[in-house]
Structures are given as structure tokens and as C-alpha cells.
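4 protein chains.
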Amino acid sequence: MEHKIAILGASGYTGAELVRLIATHPKMRIVALSGDRKAGMAMAEVFPFLRHLDLPQLQKIEDIDFSRVDLAFCALPHATSQEVIARLPRDLKVVDLSADFRLRDPADYETWYGKPHAAPDLQAEAVYGLTEFYRAEIRSARLVAGTGCNAAAGQYAIRPLIEAGVIDLDDILIDLKAGVSGAGRSLKENLLHAELSEGTHPYSAGGKHRHLGEFDQEFSRAAGRPVRVQFTPHLTPMNRGILANVYVKGDPRAVHKALFDRYLTETFLEVLPFGALPSTRDIRGSNFVHVGVIGDRIPGRAMVVVALDNLCKGSSGQAMQNANLMLGLDEATGLMLAPLFP
Amino acid sequence: MEHKIAILGASGYTGAELVRLIATHPKMRIVALSGDRKAGMAMAEVFPFLRHLDLPQLQKIEDIDFSRVDLAFCALPHATSQEVIARLPRDLKVVDLSADFRLRDPADYETWYGKPHAAPDLQAEAVYGLTEFYRAEIRSARLVAGTGCNAAAGQYAIRPLIEAGVIDLDDILIDLKAGVSGAGRSLKENLLHAELSEGTHPYSAGGKHRHLGEFDQEFSRAAGRPVRVQFTPHLTPMNRGILANVYVKGDPRAVHKALFDRYLTETFLEVLPFGALPSTRDIRGSNFVHVGVIGDRIPGRAMVVVALDNLCKGSSGQAMQNANLMLGLDEATGLMLAPLFP
Amino acid sequence: MEHKIAILGASGYTGAELVRLIATHPKMRIVALSGDRKAGMAMAEVFPFLRHLDLPQLQKIEDIDFSRVDLAFCALPHATSQEVIARLPRDLKVVDLSADFRLRDPADYETWYGKPHAAPDLQAEAVYGLTEFYRAEIRSARLVAGTGCNAAAGQYAIRPLIEAGVIDLDDILIDLKAGVSGAGRSLKENLLHAELSEGTHPYSAGGKHRHLGEFDQEFSRAAGRPVRVQFTPHLTPMNRGILANVYVKGDPRAVHKALFDRYLTETFLEVLPFGALPSTRDIRGSNFVHVGVIGDRIPGRAMVVVALDNLCKGSSGQAMQNANLMLGLDEATGLMLAPLFP
Amino acid sequence: MEHKIAILGASGYTGAELVRLIATHPKMRIVALSGDRKAGMAMAEVFPFLRHLDLPQLQKIEDIDFSRVDLAFCALPHATSQEVIARLPRDLKVVDLSADFRLRDPADYETWYGKPHAAPDLQAEAVYGLTEFYRAEIRSARLVAGTGCNAAAGQYAIRPLIEAGVIDLDDILIDLKAGVSGAGRSLKENLLHAELSEGTHPYSAGGKHRHLGEFDQEFSRAAGRPVRVQFTPHLTPMNRGILANVYVKGDPRAVHKALFDRYLTETFLEVLPFGALPSTRDIRGSNFVHVGVIGDRIPGRAMVVVALDNLCKGSSGQAMQNANLMLGLDEATGLMLAPLFP
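Residue numbers (my numbering), protein chains in the order written: chain A, 1 to 342; chain B, 1 to 342; chain C, 1 to 342; chain D, 1 to 342.
Just chain A, same shape as in the assembly (with noise of 0.2 Å):
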């Protein structure tokens, strides 16, 4: 049986990136797809790259008939998002890309993205998505969450070492490289190529960047006291990826068993040999996770790398995963997909 799957906002990165994932998932099926500004247009019009596939044409979200839709996903800007599922019926599944509902307390979303929450009801019900910390939950929701990218792949790298007490909570770094497509289709100058290759440099660095909400909610909950850490995301010139690197102090060989113990029987996490580091050029394109520790010649200071693909395991990899558990199936279904290199 076939699952009868809508996506709204599929003419941005991330859902295109659903509709790639989907164009080999064996269980799934499009019938709808969203695109506000682009309605009327085929797919192929908007991506060539999807031409080979019969999708339906983009339409409006409201000329949707959402009553053959098993489940929603939901690629929408920030803000755009809460209003739109505001709007849908409330039994349909839906599975948030956005940031609207991944802090639970409406007063940090207020706090992070400047204005007051449009749906705090729904937050009430929303499961946070990092399936592996959350797959329980996951599974019977109604809403689920997507993380940030960036947001993922902190997490991954610190909360086992929260919840093994390997670390000194109180001095956490996390200095990250993402790829240009995390900052999605939008027409800045400092995305266009001329621009953005053959550089580098940190973006809404000294605490500001918005998933320090994600880190403080998560990571204090997974503490039990306020959690705090230092952030700083670069933009980096490859089109996909996210390497961060956390420095914590804790014992390595400590940090490397935490994460390794943890994820041992995680489909999409790998954890390397210790002393191995990763590459986001071996995650590209695929929902798998490589995490990597190295100590230092300082005694009690320990490195942790994660590399992810911001677009798959970040976003619309990891909204598939938690679909896939929400609709009943495997939760690897149709993501098993081998990194693309070189």
C-alpha cells in the first residue's frame, strides 16, 4: 500500500529534496504539491532535475483536497509555516521543515524569531524531530518538529556526552561549516557564486544565531540545569554539508565511548574508529551521519566532529525518517541511499 503524501512549498531546496527522496521511496506516493507564487507550473519547470518523474503540477495550498492525503509535509518559510497548519485539518499527519514549532516554550520562539507564536496550541501537541532522541514520541504524533540542520548535527555530537556526564557543561564551543544550500533559493548578494566561492566566513556568530534556541532547550533538558554554549556557523563554499566541531573538556577516550555506545545500533550514525575524523564529502546526498573524536595534546580537552548533509539528514532526510515512523513503516525506508561521490 501506498501512502498518499502532499508537499507544501516544494518549489524551495528542502522540498525538492522530499520529492527526490520519494521519487525511489517504495511506500510513498505525491499527489499534491504546493507552490504559491509558482502555481500552475510543472515541476520540471522549476527543477529540470525532477523531469523524468510524473508529479502533479504545483498548485495553491488552498485548491489542496487534503482529504486524500495521508500526511503533509511542510517545507514553508519561517512563519509562513504555524499559519498554514493552523489551516489544515486536524487530523492530518504533518511533518514541519520550518522552525515554528521546535521550541516548545512559545515565549523562546518569541525570544529567537522577534515576534509572538500564531499557534501556540498546536506547539502544545508538535514533537521535536531528531528521530533518535525522540523516535517513541515520533511515532504516535501527530505533528512532529524538524530540527535545524545546524541544530541536528550539535546534537548529535553532544547529547550523549550530556547525558553520560563526560563533560564540563560549562564550556561547550561549537564552531560549524555549512554548505550555501542551508540558506535555502533566497536572492541575497552574498549567496551568488561570484560571491560566495573561493571564500569564507562566520555568520550571526556571538550567540545570535537562532538554533541556540534548539541547543539551550535540549540540551538543558537533557541536563536537567541551564545549558548554555558558544556557537559559531560559517558559511562555507560547497553546496551541501555541515562539519561541526564541538570542543568540550572531558576525557577523550570517555567522549568516544559515549557517542560510540550510544549509537551503536543507529541505522544512520556512524561513529569512527577514535581518532578518526570525518568529511562532508562522504555524507553528500545521504541521510548517514559520521562522527569523529580526537583528543588533543592537552590533557582533558576532546574534539568532536559531525558531518551531515544540511538537506538530507538535516532536513528533508530526517522529515522522512520521522514520516516514515508516523505512517508505521521502517523508519529507513527508502533512505538507504548511498552518499554521491565525488
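If you're looking for bench data, these hints aren't it; they were derived computationally from the structure.
The structure displayed is predicted, hence computed values, not measured ones.
Idealized CB from N, CA, C, for every residue including glycine.
Treat each hint with caution, since some may be false.
As the list claims (entries may be wrong) - Listed next, with one range per pair, are the computed distances between beta-carbon atoms: (1) A:Ser204 with C:Lys188: 19 to 27 Å; (2) D:Asp54 with C:Tyr203: 50 to 58 Å; (3) B:Ala44 with A:Ala42: 40 to 48 Å; (4) B:Ala44 with D:Pro26: 54 to 62 Å.
Following the hints, position chains B, C and D against chain A.
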């Protein structure tokens, strides 16, 4: 039932691409991988992007037990391939990705590759592997010779035009832009990132590129008379992809119709509407070929543009498509992966 | 003595390139910079790479006191340029980098740019700025019209061949690969890093690119009869550089000799030994042009390959070379910067 | 008067960068170029981007007549350099770009480079080449040892903070992103375009990178007590540029003030306004260094970010600056080239 597969030369890019494709192929299982200089190593060491797969160690070819192999892909360097295949069991199905068995006449081989062919008897049974044009022969072949990646791109544009008789056979010009993975994992100064990125240049220009041997053979056969084309390949700062511009003299609409009609029923060939032209970014990582045709302000001139992924449809994807046929499978099995964009 | 320079349109790439060149020019000093939408900003805000220079603030054109300006570079968008220049003092020396004054016949302008010329009287005094071919006229000109960057590349290959009478005028084909900075700092989806890197595609194909207007005008004048060429430009994932392959019918050695002889005394044109071909990476950031010629296995066919930097020799470097002449300086002043490699 | 210059090791990237800089240097003339394996070749063959220059042929070092040389740049590989310099005339001014004379204590050399120093007597007279901190010694030196490119970037951030006493000396962390040209023209798989582009990864992590020897030596000397830092370099898909993020504990405003005050009179160091951070694309191809400082939401934590061009200010530009001083010239002579953007 799963077919048992060996990949000889698994430590190069085309070998790794075969592993990538088999990773989600429902009917093939890898039972042996060779890599002479890297024998004894795990694939995860040679290609960390394959870390999530449970694969046999690399071994020497002479240590492989071919009695338990149904089909061998041979992804070895040119010249080595003919020697290795000559020593394999004579009833083993083989798909060769090298240049060794592409030219039917051993004299042509000597002309283009500069030394006598070492296995002319095997050459006699080899079938040229351009699937869409040799499907019947491939289905019953024991030994299939994969085409050159540039040779595939050029033929997809030109063969139907010769067959339809819509162009001047004496004035065909191919200006081709190739991604760097086509040069393989070889250590050459001009393949270093610092030398290659941010620049483009022609190579093997002036009628010297070896794929001209394939063009001559195939176009002359199709035309029933000698056909010689001009061909200039360029190295372009992208990893995957070939864009072949073919300039011909003939009516542009007739050219478009010949291609459209010829590929109407082909799974992997997408002919765009007249006037639309393809981009390599829309086929990256896939087995699909995009074909576009446009006219010129000068009447009677047309340009055909073909985009394909050199490592996939131009090499390992084509090999897989042929292997599927040789094993009695649907030729598209395991090859419907959508391109990776962005 | 220093000449006082104004740059109108200093917030785009060609304007910034002029500032870069003047930074080490011994005889020019910038006294005014305009940038209408960015008036009031410091150049260091708009272009941080110019931070070390002591430059005037951006201002509106109407606020510039042209009485203290010796020469103005006009790096404004097409169509705007003619309106602005029409309002400047009639005795001010002007080098225009736009397309507005390139076509001598206002009817040609209307054909290629889709609307009537707004300053046909100024057109009458404009000199076409391909320095090596209009040096005498430029020296005494008041208004020089910079060539298109692609138009420059094509002409460096073809003009000497027309003059020498060594090629078939009815069968000239230009396949050109252009870096992305040629498209300027415009916000378009297809110029985003995520869309452009790792791919290549043709644009304005089929006889529609506006630089054909320049080719038609110049080649027909040189030949004394109408000449029409085929021309396909491609967007290539590099920031700077044009590689123009020109396919002609004629004796390859005669083609090489015509170019070698013509450019023997030119400072910026380097004709390579017969059979050697250039690469864009070897001229990046400089005013130099590399020209190569090769034959083909088919007798009577030759390929000329020209490499130049679109922002420098194709635009701002050419403009500087012309300005030097108009100010009575050696034309190479400030332009001997070596290319940047790697 | 022109100074006569020899470049030993002119066939590598730093050697070629020296030639690029001397091309427009008003007071230097190249009289000899060595390149052992390429002796007898023209520089235009080895580096076609230098084709326009009239340069001596590459020759073997033993064939150079050093009596007519005023200063030699030594751009040879580590370990080779000390042997070559030991054989040069003892009164010849030498700027060495290798690692051979950077560490004052030969025991430190052995620790970091794994073998005894071959010329400890020469080491005694070598001056460490970080111009802004050793200007007086360099002016009168005979032998100057260029710094590591990463070592330069880290020191520009940290030295003034140690001198000003505004940071915790026991908790300094450098996360550095380096362009690929820093690895030189060496033939390694991980430097191939297909492997490097579209990815990023750490290397020599965990306290193993050799530039730590320089950090230890210089920071401990400046502090008057042992200082050990953490340091993780990354290979980033760009050709030129280093972005060094230095995480320190101290008051951010005091950190900014210490850097601003220290570099106020330096020609090549640009300290940005507090809160602004640099990008490598803004210093590419130049001798300029951009320095930014930002605080964090966690009080008492600051990040300094330094951007410089590894081949220029990090290596050959620094060498030129030092050579200018040694020859009694203004140190900025020939080094005011503006960065290349885009």
C-alpha cells in the same frame, strides 16, 4: 534471487560508483571486490563514503573464487583490462568499463591506443555497450564493452540524426565540456584543486582524443559510409557531468523531431521541448540524459546539447543497465535514482 | 601629475575592478564615486576588499562636481548609461563600459536592445573601444564605448583572420565559456552558488546574444561585406574568465601566422606556439590575452582559442587602457599586474 | 637602483607567487630562478600565467652565480632548505620560506620535524620573520625565516592579547580554515579537485600540526611563561585564504582595543569595527590582513577572526616585506596590490 557480483578495480571512481549503485539495487549482491595495490584494505578505508555498507574486503584478482560469481564488472585501467579478462573463466558474464573492447577492428585499437590488442579473440565476441542502440545484442552477450563517457554523449546527439538522414555528414562539430572525475583518481598536477578550479581549458584537441575512434566506428557504421567529426573536449571545474554541444547543418525542427521520435520510449533519455537546452546540474548522480535542440539565426544550422553524468550514465550506470539486461532483469532496475540537486 | 578620476556606478563589479586597478596606478587619483542606491555609504561597506584604500564616499551623480574631474568611467547598467552621459559636461572625457554606445547605427541598437537610442548625437562621436584595433581614434576621442567582454574575446580571434583573408567568412562558429562575474552582481536564481557551481549550461543560444550586434558590425566592416557568425555562450562555474573557441575553415598554419604577425608588437596579446592552447586560469585578474591555434585531423579546419579575464581585459582593464590613451599616458600604465594563480 | 634577486625553488606555488609580486616591484629584478627537476625549462612552460614576463630559465642551484645576487628567496621544501642555505655564500642575504629556521631551539625542531637540524649554526643567526613583531631585527638580519602561514594568522590574533594581558592564557583555541594552495603543488589524492571541492574536513588535528611549534615558541616568549594552545586546521574548498577563529576568555571590548591599538600604524593590518568579522574573499591575492572581534552572549568570552592570504601575506608577501626591509627599502614597496574580488 540475488545475483552475485564481483567488481574488479573497486578502488577507482567507476568502481566506487558501481558500489554506490548496487547499494540500493534489489537484485544484486557484491561478493568480491578487487584492488590490487589496496588488497587487504576495507572499502571504508579507501572510500569512507561507503562506510555504512557491509562489503567484502579488497583482494587481489587471483584470490577471487569466480565460481560463485554471476557477473563481473571490470573497472580496470585501459590495457590492463584486456589481460585480466583474458584470464577469467570463459563463461563468466563480464561488463568491461575500460576502452579495451570498444573498437571492433583490432587495427583501430592499435591506431588509437598505440599498441597491438592483446586479446583479439575476445574482441570478436564483445558487444558495444551503448544500451539504447545495442539492446538486443547486449541481452545475449557474454562480454559487453562500455563506451567512453564522451563517446556516449556525442552518440546520443548524433546517431538518430544520421539514421534519420537530416544532417550534413561532412560538417559535424562537437565542443564538449567535461567534469573532472572523468579523468579518474590519477595524480596529475592539472587535476589538483588549486590548478583546476576557477579555470577551464581544452585538452586532447585537434582530432587526437581517443573517443574519436568510437565516433568513427559508430557513425560510419550507422551512415554506411565514412564519417569523421571534429571534437574538442574541455576540462571544466565541476566534478561530474558532460555537456556536449553538437553543431550540425540541417533543419533544426527536423533535428529535434528525429531525436524526439527516437527516444520517445526510452526510460533514461529526456528530449526537451524545442529551444530548451539542458544543464549538467540537472542530471548529476543519475542515469538520465537530457537532450535539447535549438536553431540559429542562420537558416539550416542547428545545435544539439546533451547532458549526462560521466560516472553514471557515461560509465557505471550504463554498465549497470547492460548488466541488468545480461542477467534478464528490467534494464532500469536500481537505476531510477533521481539526480542530486543542488 | 595625477589625473582626477570619477567612477559612475562604483557599486558593481566593473566599478570595483576599476578601483582595484587605480589603487596601484601611478597617474590616476579617484576624486568621485557614484552609486545611487548606496549613496552615503563608504566603499569599504559595499566592497570590504577595498578597505585599505582612502576613497571618497559613494554619492549621487548629481552631487558630483565634474569641473574638477579629468575623466569619468561610466560603469552603469545598459540604457541608464546613455541618459547619464547625455547630461554630463560635453567636454568631459568619458569611457563608457555599458553597451550603450557600441553600435554605430542607432537602428542596430534598437534591433538588439529593443528600444530606440536616447542619445543618437552622442553615438556619432563615440569610438569603439577595442584598443588594439582603434588605437588612433581612441587617443583623440572624447567618448569611448567599451566592448562587450565576449565581443572582445571573439574579435581577438577573428579580426586578424578576416584582415588576412585566411578563412571562409560564411562558416565561423564561436563556442564560448564564460565565468559568472560577467553576469554582474544581479540577484538571479541561476547565479546562486548552489545553482551554478558544479554545473555548466548554454545561455542566450541560437543567435540571440546581444554581443552578436558587435560581431556583425565589426566583422562586416573588416570584411567589407556582411559577415554573420554562430555564437553560443555558456555559464561556467568560475568567477572570472572567458574561453572562446572559434572554429574556422582555413589553413591552420596560416591562421596561426595571421594572429602571430598581427599581435607581435602588442603588449597584452600573447600568441602561443602553434598547437598550444590557453587556459583561463593563466590570465585571471590581468589585462593579458592568451591566444592559441590548433589544426584538426580534417584538413582545412582550425580552432582558435582565446582566454581573457572578462572583468579586466574584457571590461575595466580595457577601459583603463583606453583612458590611458585619452590622457596621453602609455597605454599599459597601471595594467602590468601579473595574473593571480592559483 | 634595482636589487638583483634569485628565487630558489621557483617551480612551486610560493616561488611563483614571488615572481608575481616582483613583476610589478619597482626595485627588484630577477636574475636567477632554480627548479631542480625542471632545470632547463622556461618559466612560461611551468607556469603559463607568467608568460608575459621576460624571465631567466630555470636552472640548477649549483649553476647559479651568486656573486651577482643581492638577495635570495629560498622557496624549497622543508629539510632541503637547510642543506641548500648551508652551502650558499655566508654574506648573501637570504629569506627562507620553509620551516627550517623558524624554531630557535634545535631541540624543538627535532621534536616537531622528526630529525636533527642539519645547520644549527645558521639557526643561531636566523630571525623569525613575522614582520610587525620583529621589524628591527629583520632590518639588520642576513637570514630571515618566514613563518608558517597558519602560524602567522594565529599570531596576528593572539600576540597583542598576550602583550596586553587581556586573556586567560590557559584557554586559547584556534579553529582555522585553510585554502588548498597551502598544501603546495603536491600530488596527493586528497588535493584532487574531485576529492576536495564540495567538502571540508580537519587535518593534523589533536595537537599534532607542526605550526604548534611556532605558537609555543612565540606565545611563551611573549608571555614569559609556557603557553599551549589548541589548534585545529581544516582544508576548505578554496584556493587561497586562511580564516583563523581564535576563541579566548577575556573581555571582548578589551580584546578589540588591544588589537586596534597595536595595529593602528601598521600598513597591512586592518582591524574592523567591533562586531564586524572578516572574510577570506576580501584579502585574496593581497598582503592585507583583516582582523575582527566579537563578543558572545556568555560574558567574558570573545572570538577574534583573522583573514589573510596564505600564499601572499602568509608566505611570499611576508617574505617580500622582509626582503624590502633587509634591502633598505620601504617595507610596502611592491606590496600595495589590491585584493582580487570577485
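Hint says 54 to 62 Å; check whether the CB-CB distance for Ala44 of chain B and Pro26 of chain D agrees. 56 Å, holds
Check your understanding: Does the Cβ distance between Ser204 of chain A and Lys188 of chain C fall inside 19 to 27 Å?
Key -> 25 Å, holds
Handout entry: C-beta pair Ala44 of chain B, Ala42 of chain A: status relative to the range 40 to 48 Å that was hinted
Key = 41 Å, holds
Is it true that Asp54 of chain D and Tyr203 of chain C lie within 50 to 58 Å of each other by Cβ? Given about 40 Å between the Cβ atoms, the range is violated.
In the structure shown, a violation is registered for the earlier hint numbered 2 alone.
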